[in-house]
Structures are given as structure tokens and as C-alpha cells.
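So the sequence shown is numbered by full-length UniProt numbering: it starts at 1 and just counts up by one.
Read the hints as simulated data drawn from the structure, not as lab findings. If you're wondering where the values come from, they're calculated on a predicted model, not measured in any experiment. Please note: incorrect hints may appear among the correct ones.
List of simulated lysine to any residue pairs, SDA-like, C-alpha gap at most 20 angstroms [to be verified]:
id, residue 1, residue 2
1, K73, K110
2, K73, Q48
3, K44, D67
4, K44, A106
5, K73, V112
6, K110, H78
7, K110, S68
8, K44, L117
9, K110, A76
10, K73, A106
11, K99, P45
12, K73, N119
13, K44, C54
14, K73, G96
15, K73, E98
16, K60, T41
17, K73, A58
18, K44, M116
19, K99, H78
20, K60, A106
21, K44, E70
22, K99, V83
23, K95, H78
Here are the simulated distance ranges between beta carbons [as the list claims (entries may be wrong)]:
id, residue 1, residue 2, range
24, P101, A56, 16 to 26 angstroms
25, H90, E23, 14 to 24 angstroms
26, E23, G89, 40 to 50 angstroms
Even for Gly, the Cβ is constructed at its ideal location relative to N, Cα and C.
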Amino acid sequence: MKKYLPALLLLVVTACTNYNEEELYGKPAAPCQITTATYLTDVKPILQRNCYTCHASAIKEGGVILDSYEEVKHQAGHHLMAVINHEPGHPQMPKGGEKLPACDIAKIQKWVDAGMLNN
Numbered sequence: 001m002k003k004y005l006p007a008l009l010l011l012v013v014t015a016c017t018n019y020n021e022e023e024l025y026g027k028p029a030a031p032c033q034i035t036t037a038t039y040l041t042d043v044k045p046i047l048q049r050n051c052y053t054c055h056a057s058a059i060k061e062g063g064v065i066l067d068s069y070e071e072v073k074h075q076a077g078h079h080l081m082a083v084i085n086h087e088p089g090h091p092q093m094p095k096g097g098e099k100l101p102a103c104d105i106a107k108i109q110k111w112v113d114a115g116m117l118n119n
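Construct the complete structure from the given sequences, taking the supplied hints into account.
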């Protein structure tokens with residue numbers, strides 16, 4: 001009986017433990033539901049948060065400027081999606097940082113697919 005006592009105590013302690021998954025791991029991210037994406041309300045804020053540090057007019061890191069609609073449209077028509085999707089053969093942006101959240105990338109892609117309007 002003595003050799004089973006530690007195992008029995010462990011079983012009792014773990015069986016009485018109640019873990020709340022939300023407390024342990026936080027709330028799950030809200031699903032990304034995109035029906036439309038506009039430059040002013042969706043794309044520009046994403047670029048401001050993630051790109052302006054290096055790609056504003058005053059800095060022009062790598063010759064890329066992303067703080068005007070015209071420049072963003074030009075980049076979106078070339079390599080922007082490949083760069084933010086971390087596709088092989090393209091620099092990964094943000095440089096030295098994590099890939100943008102999938103929802104942000106989806107918003108930019110939705111805007112590109114809709115014709116890159118200045119709206």
C-alpha cells in the first residue's frame with residue numbers, strides 16, 4: 001500500500017485541479033472577416049504601425065516610401081505582397097520583425113484585389 005500512496009495522492013491532486021483555458025492562454029483571436037478593405041481605414045493604418053519607421057518620406061530605407069497613396073499603390077503593384085508574405089526571393093518585411101498578422105495581410109490583399117483605390 002505504501003508504494004501506491006504517492007501515485008494515489010498525485011491522482012487525487014491532479015483530479016481536483018481546475019484549469020481555465022482562457023486564463024492560461026488568453027482569449028482566442030477574433031476571426032478575421034473581411035468583406036471590403038479601403039486605403040484610408042485599413043491599409044494606411046497597417047503601414048503606419050509597421051512600415052513608417054523605415055519607409056517614410058524622410059527616411060526612405062532601401063529607396064522604398066510607403067507614406068503616400070501613390071507610392072503604396074506603386075509598391076503594391078510590384079513586390080509589396082511578396083515582401084509582407086515572406087515569399088522566397090524577396091526581403092522579409094518588417095525587417096528583423098515578425099510577419100504581419102494574417103488579418104492585416106488579408107486586408108492589404110483585399111485592397112489590391114479591389115483595384116488599389118484611393119478610398
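Discussion item. So if I understand the rule, the pair passes when the alpha-carbon distance is 20 angstroms or less; does K73 with N119 pass?
Written reply: The hint holds at about 12 angstroms.
Fill in: Agreement of K60 and A106 with the hint, judged by alpha carbon distance not exceeding 20 angstroms
Violated. K60 to A106 sits at ~25 angstroms, over the 20 angstroms cutoff.
Fill in: C-beta pair E23, G89: status relative to the range 40 to 50 angstroms that was hinted
Given range 40 to 50 angstroms: holds, Cβ gap about 43 angstroms.
Practice prompt. Would you check the hint for K110 and A76, treating anything up to 20 angstroms between C-alpha atoms as holding?
Written response: holds (11 angstroms)
Practice prompt. Would you check the hint for K60 and T41, treating anything up to 20 angstroms between C-alpha atoms as holding?
Written response: With a Cα-Cα distance of about 23 angstroms, the restraint between K60 and T41 is violated, given a limit of 20 angstroms.
Worksheet item: Are the Cα positions of K99 and V83 separated by 20 angstroms at most?
Response: Cα-Cα ~10 angstroms, so holds.
Fill in: Restraint status (C-alpha distance of K44 to L117 at most 20 angstroms)
holds (12 angstroms)
Worksheet item: Taking the beta carbons of H90 and E23, is their distance inside 14 to 24 angstroms?
Response: violated (40 angstroms)
Worksheet item: Falls inside 16 to 26 angstroms, the C-beta gap from P101 to A56?
Response: Holds: the Cβ-Cβ distance is about 21 angstroms, inside 16 to 26 angstroms.
Worksheet item: Taken at face value, is the distance from the CA of E70 to the CA of K44 at most 20 angstroms?
Response: Holds: K44 and E70 sit about 12 angstroms apart, inside 20 angstroms.
Worksheet item: Hey, K44 versus D67, does the alpha-carbon distance stay inside 20 angstroms?
Response: holds (8 angstroms)
Worksheet item: Given the hinted pair K73 and A106, is their alpha-carbon gap at most 20 angstroms?
Response: Between K73 and A106 the Cα gap is close to 16 angstroms, so the pair holds against 20 angstroms.
Of the numbered hints given earlier, the model fails hints 14, 15, 16, 20 and 25; all others are met.
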